[in-house]
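Colleague: Take a look at the letters that make up each chain.
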Amino acid sequence: MPDDVSAALARVHGEEWGRIVATLIRVTGDWSLAEDCTADAFESALTRWPVDGVPRNPGAWLTTVAKNRAIDRLRRASTEASKLRDVAIMNELDELPPDDISDDRLRLIFTCCHPALTMEARVALTLRTVAGLTTGEIARAFLVQESTLAQRLVRAQAKIVNAGIPYRVPEGHLLGERLPGVLAVLYLLFSEGYAASSGQQLVRVDLAEEAIRVARVLVRLMPDEPEAMGLLALMLLQHSRRAARTTPAGDLVPLEEQDRSLWDAPAIVEGRALLEAALRRQQLGRFQLQAVIAATHAEAAATDETRWDDIVAAYDELARIDPSPVIAFNRAIARGAWEGPAVGLAEVDLVADRLPGYYLVPAARADFLRRLGRNAEAAAAYEAALGFVRSEPERRYLERRLAEVS
Amino acid sequence: MQYLFLIGVDADFTPDPNATPDPTKMAIEDWGAEVEASGASIFGNRLRPAQDATTIKVRDGELIVTDGPFTEGKDYIAGFDVIEAEDLDAAIAIARKHPMAHDGIVEIRPIWPL
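Line order of the protein sequences matches chains Y and S. Going by the numbering used here, 23 is the number at position 23 of the first sequence; the sequence numbering is gapless. Going by the numbering used here, 3 is the number at position 3 of the second sequence; the sequence numbering is gapless.
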């Protein structure tokens, strides 16, 4: 296939898959039908576009093929009992303008992220229906069997139908209640791409970029939501460091050792601009605050020029919103960076027993002890951390540090 | 759609008597009245506690009758309501005002007509 056609297909897939699926679900109420017909449309494009050329309006072309396929299948599957309803749906499909400006993706995102679904189901459903990843791609990304993933999707779609989960964007105060859940799913998706928690590879770029893509859609469709902007800003800022986070061998490079010239400058610019726009709305939230922290790191030319006091201040605010031990722990690290390892160690020890089995606790203690020259204690702490660590690059990092203090 | 609310006592949770009252929590009589008036209620009531329950099984042609509920644990069902609601979010909106949503648990189960 000519390069320009496959490039066009890839680009259009990212832009149009979710939109077409979302609209077909709205009209037909049938998730499998919507996905199958959209997949058929893209397969059609695979065979026709190399021959006929890329259409002037690829989105409209695909929508037309998808809706015609849906009409076909409904006609064939229609029974006496369902006939009336099916005819109504087929008529609506027929009248669907190919250049449908309504964007049902927001409904789709909120439905995929409904709290009545398990977190795993929400993530899988979002990746499949909004981002258009195949079952195989999602299964590989999460290191599960494809059949397991397929089952998970089937189960989730059944729950949506059987329990009556509505296909709608929640209204009024309910939107405020449900939006954090949506953002949490997208951030989980992103973090799985950002730092895999088990297995050989530290950075699985694809998932992170899918998450950013979906977050962009969310921001575009909810331009008045500062937390949505904050989430996208946070993702862009964290993702900007991806080239510097690992060595070619796949080893972990901690923040203070990263080559900042490898950071993605345009992503940082975009992230900071988004964050500033969000902060102007004066509705602080967890994602904006985390983005502030990421931006503060991004602005520093070198680690020792980092405004750690700004970071500690942001963690103080975060801790007010969310008194979780993980935030308290991250704040302890920041205080250690600002006020020295003795303070850092004391702060970590205050929160340590609220985080049993969290390998970063002994790892952080080990780091502070190492900087204080207390090598024997540092070695013991590195060994404790090695007992809990789950990814190869992080293991190699700890073993390297352990060798330094032994 | 029809949903069954199973009103449960959560044995691991004791409501804090000193906590500020949640304005969305209704008294049970008010909740019942509102659900009746809105037409959402089909049928519902309180249940006698677990110690007044009787469980039966028929195994190999033999009827076995036991004192007590069929669930093993300390949690138990204290009441039920059958509700008509447009979708799950509407059902949740009704259930969350029930006093036992605040002091216990409410399970929302879709009815699956035979």
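There may be inaccurate statements among the hints.
To be verified - No farther apart than 20 Å at their CA atoms in a straight line, the calculated lysine to aspartate or glutamate pairs in the DMTMM-like style are these:
1. Y/LYS83 <-> Y/GLU95
2. Y/LYS159 <-> S/ASP30
3. Y/LYS159 <-> S/ASP89
4. S/LYS25 <-> Y/GLU177
5. S/LYS25 <-> S/GLU36
6. S/LYS97 <-> S/ASP52
7. Y/LYS159 <-> S/ASP103
8. S/LYS74 <-> S/GLU86
9. S/LYS97 <-> Y/GLU95
Unchecked claim - A short list of chain Y residues far from chain S (calculated; beta carbon distances all over 10 Å):
10. ARG75
11. VAL144
12. ILE165
13. ARG168
14. TYR397
15. ALA403
I should point out that these hints are in silico values taken from the structure, not numbers from a laboratory. Just so we're clear, the structure is a prediction, and the values are computed from it rather than from any experiment. Quick reminder that beta carbons are idealized off the backbone N, C-alpha and C, glycines included.
Colleague: What hints, given by number in increasing order, does this structure fail?
Modeller: 2, 6, 7, 8, 9, 12 and 13
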